[in-house]
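Between the sequences and the hints, there should be enough to build the whole structure, so can you do that?
These are the residues of each chain, in order.
Protein chains: 2
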Amino acid sequence: MTERDEYERVFESVRAWVEPDADEQARLTEAAAALLERTGEAIADLGVEADTILVGSTARGTWISGDRDIDVFVRFPESLAREELERFGLQIGATVLPDGQKEYAEHPYTKGDYDGFSVDLVPCYAVPTAADIKSAVDRTPFHTEYLDDHLTDDLAGEVRLAKQFLKGIGSYGSDLRTEGFSGYLTELLILEYGSLLAFLEAAADWKPPVKFDPENHGQRSFTDPLVVIDPTDPRRNVAAAVSPANVARLQHHARAFLVAPSETMFIPATPDPLNTDQVRMAIDRRGTIPIAVRFETPDIVEDQLYPQLRKSIEGMASELDRRGFDVLRTATFAAETAVLFAELEVASRPAIERHEGPPVHVREHATGFYEKYADDPDAFGPFIDGDRYVVERDREFTTARAFLESEALFDVALGATIQRQVEKEYEVLAGSDVADLAGEFGAQLAHYFSPKP
Amino acid sequence: MTERDEYERVFESVRAWVEPDADEQARLTEAAAALLERTGEAIADLGVEADTILVGSTARGTWISGDRDIDVFVRFPESLAREELERFGLQIGATVLPDGQKEYAEHPYTKGDYDGFSVDLVPCYAVPTAADIKSAVDRTPFHTEYLDDHLTDDLAGEVRLAKQFLKGIGSYGSDLRTEGFSGYLTELLILEYGSLLAFLEAAADWKPPVKFDPENHGQRSFTDPLVVIDPTDPRRNVAAAVSPANVARLQHHARAFLVAPSETMFIPATPDPLNTDQVRMAIDRRGTIPIAVRFETPDIVEDQLYPQLRKSIEGMASELDRRGFDVLRTATFAAETAVLFAELEVASRPAIERHEGPPVHVREHATGFYEKYADDPDAFGPFIDGDRYVVERDREFTTARAFLESEALFDVALGATIQRQVEKEYEVLAGSDVADLAGEFGAQLAHYFSPKP
Numbered sequence: 001m002t003e004r005d006e007y008e009r010v011f012e013s014v015r016a017w018v019e020p021d022a023d024e025q026a027r028l029t030e031a032a033a034a035l036l037e038r039t040g041e042a043i044a045d046l047g048v049e050a051d052t053i054l055v056g057s058t059a060r061g062t063w064i065s066g067d068r069d070i071d072v073f074v075r076f077p078e079s080l081a082r083e084e085l086e087r088f089g090l091q092i093g094a095t096v097l098p099d100g101q102k103e104y105a106e107h108p109y110t111k112g113d114y115d116g117f118s119v120d121l122v123p124c125y126a127v128p129t130a131a132d133i134k135s136a137v138d139r140t141p142f143h144t145e146y147l148d149d150h151l152t153d154d155l156a157g158e159v160r161l162a163k164q165f166l167k168g169i170g171s172y173g174s175d176l177r178t179e180g181f182s183g184y185l186t187e188l189l190i191l192e193y194g195s196l197l198a199f200l201e202a203a204a205d206w207k208p209p210v211k212f213d214p215e216n217h218g219q220r221s222f223t224d225p226l227v228v229i230d231p232t233d234p235r236r237n238v239a240a241a242v243s244p245a246n247v248a249r250l251q252h253h254a255r256a257f258l259v260a261p262s263e264t265m266f267i268p269a270t271p272d273p274l275n276t277d278q279v280r281m282a283i284d285r286r287g288t289i290p291i292a293v294r295f296e297t298p299d300i301v302e303d304q305l306y307p308q309l310r311k312s313i314e315g316m317a318s319e320l321d322r323r324g325f326d327v328l329r330t331a332t333f334a335a336e337t338a339v340l341f342a343e344l345e346v347a348s349r350p351a352i353e354r355h356e357g358p359p360v361h362v363r364e365h366a367t368g369f370y371e372k373y374a375d376d377p378d379a380f381g382p383f384i385d386g387d388r389y390v391v392e393r394d395r396e397f398t399t400a401r402a403f404l405e406s407e408a409l410f411d412v413a414l415g416a417t418i419q420r421q422v423e424k425e426y427e428v429l430a431g432s433d434v435a436d437l438a439g440e441f442g443a444q445l446a447h448y449f450s451p452k453p
Numbered sequence: 001m002t003e004r005d006e007y008e009r010v011f012e013s014v015r016a017w018v019e020p021d022a023d024e025q026a027r028l029t030e031a032a033a034a035l036l037e038r039t040g041e042a043i044a045d046l047g048v049e050a051d052t053i054l055v056g057s058t059a060r061g062t063w064i065s066g067d068r069d070i071d072v073f074v075r076f077p078e079s080l081a082r083e084e085l086e087r088f089g090l091q092i093g094a095t096v097l098p099d100g101q102k103e104y105a106e107h108p109y110t111k112g113d114y115d116g117f118s119v120d121l122v123p124c125y126a127v128p129t130a131a132d133i134k135s136a137v138d139r140t141p142f143h144t145e146y147l148d149d150h151l152t153d154d155l156a157g158e159v160r161l162a163k164q165f166l167k168g169i170g171s172y173g174s175d176l177r178t179e180g181f182s183g184y185l186t187e188l189l190i191l192e193y194g195s196l197l198a199f200l201e202a203a204a205d206w207k208p209p210v211k212f213d214p215e216n217h218g219q220r221s222f223t224d225p226l227v228v229i230d231p232t233d234p235r236r237n238v239a240a241a242v243s244p245a246n247v248a249r250l251q252h253h254a255r256a257f258l259v260a261p262s263e264t265m266f267i268p269a270t271p272d273p274l275n276t277d278q279v280r281m282a283i284d285r286r287g288t289i290p291i292a293v294r295f296e297t298p299d300i301v302e303d304q305l306y307p308q309l310r311k312s313i314e315g316m317a318s319e320l321d322r323r324g325f326d327v328l329r330t331a332t333f334a335a336e337t338a339v340l341f342a343e344l345e346v347a348s349r350p351a352i353e354r355h356e357g358p359p360v361h362v363r364e365h366a367t368g369f370y371e372k373y374a375d376d377p378d379a380f381g382p383f384i385d386g387d388r389y390v391v392e393r394d395r396e397f398t399t400a401r402a403f404l405e406s407e408a409l410f411d412v413a414l415g416a417t418i419q420r421q422v423e424k425e426y427e428v429l430a431g432s433d434v435a436d437l438a439g440e441f442g443a444q445l446a447h448y449f450s451p452k453p
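Protein sequence lines correspond, in order, to chains A and B.
Here the numbering used here is used: the first residue of the first sequence is 1, the next is one more, and so on.
Here the numbering used here is used: the first residue of the second sequence is 1, the next is one more, and so on.
The hints are simulated quantities; they were obtained by calculation from the structure and are not laboratory data.
It is possible that some hints are incorrect.
Unchecked claim - Distance windows between CB atoms, simulated: (1) R322(B) - G66(A): 50 to 56 Å; (2) E356(B) - V259(A): 19 to 25 Å; (3) H365(B) - D113(A): 48 to 54 Å; (4) A34(A) - E356(B): 51 to 57 Å; (5) E405(A) - Q304(B): 51 to 57 Å; (6) G368(A) - K102(B): 52 to 58 Å; (7) R420(A) - E356(B): 31 to 37 Å; (8) R322(B) - H365(A): 31 to 37 Å; (9) E6(B) - G368(A): 23 to 29 Å; (10) A34(A) - E364(B): 54 to 60 Å; (11) E364(B) - S79(A): 57 to 63 Å.
Unchecked claim - DSS-like mimics (lysine-lysine), calculated; alpha carbons at most 27 Å apart, straight line: (12) K372(A) - K207(B); (13) K207(B) - K167(B); (14) K167(A) - K211(A); (15) K372(B) - K207(A); (16) K311(B) - K424(B); (17) K207(B) - K452(B); (18) K311(B) - K452(B); (19) K452(A) - K372(B); (20) K372(A) - K452(B).
Since we're looking at a predicted model, the values are computed, not measured.
Ideal Cβ placement from N, Cα and C applies to all residues, glycine included.
If you want it as structure tokens, here you go:
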């Protein structure tokens with residue numbers, strides 16, 4: 001048994017770097033207050049009806065020292081037309097953050113810097129309850145209000161520890177690349193369990209599906225491995241974005257921490273990037289046939305890019321499997337270029353492939369099949385196996401490279417934007433040539449070739 | 001439409017060589033009569049109670065010109081002990097066929113030459129009906145009696161044509177190598193249809209399972225593709241030995257004959273044997289990886305050898321598949337040596353293989369799995385895929401040759417006698433080395449590399 005004070009010693013040490021000090025808190029409070037004031041003035045100048053609210057972790061006092069994000073929401077009346085809301089929102093944004101940029105989520109908002117902080121200024125509707133929202137952002141103020149009512153300072157400290165733990169294991173963030181735990185989800189889980197230690201002790205024993213319903217809404221059922229019904233909106237699972245792998249990852253690291261608590265677990269691992277020689281050695285050692293399709297990364301946001309990369313590699317892998325090249329593992333990488341990477345078990349297939357015809361007793365089909373191949377000089381057979389005709393005919397592609405370099409690649413179910421990009425230009429790397437990827441993706445390859453939970 | 005007289009022209013031409021002429025008939029009749037007389041005398045000399053009966057195709061007038069087989073059965077009373085029956089049977093055999101040899105089926109009988117004919121002298125029990133038999137041979141006299149009552153001379157002629165057709169397509173013989181149509185089954189099918197042409201017209205349209213019950217016994221149901229209830233024994237499917245492939249083969253050739261009747265279809269195809277260069281060229285063209293396990297043919301009868309070879313190659317192929325070498329097609333050959341032959345699609349697999357662990361949430365198993373591999377320097381992982389641990393660990397055999405040359409071959413479900421033989425000594429041929437088999441199995445390899453229905 002690990003003693004409680006061993007855990008406490010680790011937590012104490014992590015608190016030292018995740019808790020903002022008085023100075024940092026004061027600077028944030030000041031900047032937030034100034035932003036709210038400037039926003040109020042901009043609203044008044046514009047002569048529109050609206051109020052302002054500070055949301056997110058800085059509003060809730062659960063931000064981690066060093067985070068520089070301030071989220072200001074501007075709430076307009078429900079009666080306002082959507083186009084008006086977007087126009088007013090951007091006008092206020094331009095006034096408050098003169099150097100800001102227009103960004104797009106469900107509707108446009110403004111992103112800019114203020115006094116060293118990164119500020120999002122987001123227009124939304126003032127709806128009576130979270131169940132009445134017109135767009136996803138309308139829900140956010142309710143989350144802040146709910147947590148304002150429930151989160152004590154002690155719990156806020158535990159939230160910080162929990163967020164840092166999830167960051168350390170790579171499971172923090174509900175973006176579609178990470179598919180992990182959002183800040184709000186982490187806050188609700190700490191509300192549920194009371195402390196990070198209690199959360200980890202419970203998670204170590206979870207038997208998914210795991211369900212929480214803090215406000216006992218109990219209206220809908222969900223099929224996700226982790227279900228936390230939003231206390232402000234019964235129809236929503238706050239954990240819907242969490243992948244099964246991230247639930248498993250949390251369970252793994254929770255157990256590891258309980259056995260041997262260490263503050264290093266709160267720090268994301270960054271393996272040394274591999275160089276080309278090291279990639280070649282890894283391939284040699286494994287005896288696999290790696291293959292990569294590489295193209296210029298399309299200019300879309302990460303929340304679009306990563307799901308499309310995943311869809312594309314799944315489509316490509318399933319077609320490589322179907323064609324007999326037996327995919328061992330896949331990955332996708334993206335920076336300047338993007339890569340669909342697959343490690344194959346089979347280097348090549350024979351010149352011929354088995355092609356089963358109909359049972360001989362299905363006379364019309366069977367005769368059609370027999371006549372199609374009987375005089376084909378490139379086919380072996382037809383012959384009879386069991387009750388069927390079988391022929392051995394030429395295979396379309398004997399290597400994965402030949403397939404990927406052909407137009408047949410475009411018949412694979414790739415993500416739509418990826419498809420357009422690949423149709424413009426792409427290159428195929430095969431075998432030890434994939435080592436060239438180390439220049440741009442050495443860190444990702446290090447992760448790939450030394451996989452960890 | 002093919003005219004009836006085109007078929008008749010072909011049948012007429014085949015009749016010319018399958019119908020024994022008057023001279024051949026006379027010689028057979030004479031030899032059979034003499035044998036029955038000698039057998040009667042031997043019975044009398046021995047002072048036992050028994051009678052004799054001529055059975056088989058020579059008795060029924062359905063033999064094909066050139067066949068030299070005469071089957072004489074000696075029927076003893078049911079009260080006689082089995083050992084006595086066997087002893088008396090062999091004593092009579094020794095008297096009638098002084099140069100004969102003892103052979104074994106369900107019980108011993110005598111095989112010998114008489115006046116240029118090959119004679120089987122078989123003891124059996126005189127049971128009241130075929131349903132009362134004590135061993136399979138007791139049934140045979142009933143078949144002869146049934147056909148004596150039903151088979152006209154015209155039908156006997158059609159039986160000869162049908163047998164020769166089945167010989168031509170390689171489907172004649174109920175031995176366990178051929179798994180085809182026995183003489184008795186052919187006779188019953190001709191009784192059913194009235195002529196070879198009607199039989200072929202019907203077979204071309206068969207939708208297996210096809211069932212006949214000439215005497216409307218209707219007692220039992222069978223799962224074979226072709227079911228012909230023995231008119232003399234309701235419990236028996238005369239076509240039980242016919243494989244699905246031979247049913248399909250008959251259907252294929254029946255259709256081919258109806259479209260383009262030709263007497264060449266009545267002659268078994270004998271492709272020219274391949275030499276080693278030709279085998280090498282075939283392998284090159286196909287791009288496959290052939291592999292063979294070769295050993296001295298065990299000294300057992302064909303009806304034991306071929307089923308055991310089939311069981312062995314099935315066991316070997318299923319293990320090759322399981323280990324990722326993807327079997328395209330298999331064959332077995334037997335002469336002085338016997339060969340388990342498999343043509344593979346995959347030359348080698350990587351040094352590592354994927355090994356899935358339990359779902360992470362199954363805490364005890366999952367932790368056991370993780371700890372087993374976490375410190376294994378040869379393993380990649382464990383990592384998390386979906387909700388499971390996965391590890392990439394060293395693969396036992398990266399080539400089929402390495403597997404077949406190892407003791408692991410003996411864990412395959414081989415036939416018992418084959419297993420003992422292989423454990424004594426065997427060699428593995430792989431890739432172009434299998435061309436060495438052409439010396440002993442050139443004809444079989446010709447058939448293998450030019451497969452026909």
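Hints and how they fare:
1. Against the hinted window of 50 to 56 Å, the Cβ-Cβ separation of R322(B) and G66(A) comes to about 53 Å, which satisfies the hint.
2. Under the hint 19 to 25 Å, the C-beta atoms of E356(B) and V259(A), about 24 Å apart, fit the expected range.
3. Our hint of 48 to 54 Å for H365(B) and D113(A) holds, since their Cβ atoms are close to 51 Å apart.
4. Evaluation of the 51 to 57 Å hint for A34(A) and E356(B) yields a pass: the beta carbon distance comes to about 55 Å.
5. The hinted range of 51 to 57 Å is satisfied by E405(A) and Q304(B), whose Cβ atoms lie roughly 53 Å apart.
6. Between G368(A) and K102(B) the C-beta distance comes to about 54 Å, which sits within the given range of 52 to 58 Å.
7. For the hinted restraint 31 to 37 Å between R420(A) and E356(B), the CB-CB distance of approximately 36 Å keeps it satisfied.
8. Checked against the hint of 31 to 37 Å, the pair R322(B) and H365(A) passes, with Cβ atoms roughly 32 Å apart.
9. Against the hinted window of 23 to 29 Å, the Cβ-Cβ separation of E6(B) and G368(A) comes to about 24 Å, which satisfies the hint.
10. A34(A) and E364(B) have their C-beta atoms about 56 Å apart, which keeps the hinted 54 to 60 Å range intact.
11. In this structure, E364(B) and S79(A) meet the distance hint of 57 to 63 Å, their C-beta atoms being roughly 59 Å apart.
12. Among the hinted pairs, K372(A) with K207(B) is consistent with the structure: their alpha-carbon atoms are about 22 Å apart, no more than 27 Å.
13. Of the pairs offered as hints, the one joining K207(B) and K167(B) holds, with about 23 Å between alpha carbons and a cut-off of 27 Å not exceeded.
14. Between K167(A) and K211(A) the CA atoms are separated by roughly 23 Å; this keeps the pair inside 27 Å, and the hint holds.
15. Between K372(B) and K207(A), the direct Cα distance comes to roughly 22 Å. Compliance with the 27 Å bound is thereby established for this hinted pair.
16. Between K311(B) and K424(B), the direct Cα distance comes to roughly 19 Å. Compliance with the 27 Å bound is thereby established for this hinted pair.
17. Of the pairs offered as hints, the one joining K207(B) and K452(B) holds, with about 22 Å between alpha carbons and a cut-off of 27 Å not exceeded.
18. For the hint linking K311(B) to K452(B), the alpha-carbon distance of about 23 Å falls within 27 Å, and the restraint holds.
19. Of the pairs offered as hints, the one joining K452(A) and K372(B) holds, with about 14 Å between alpha carbons and a cut-off of 27 Å not exceeded.
20. Straight-line distance between C-alpha atoms of K372(A) and K452(B) comes to about 14 Å, which keeps the hinted pair within the 27 Å bound.
The structure agrees with every numbered hint stated previously.
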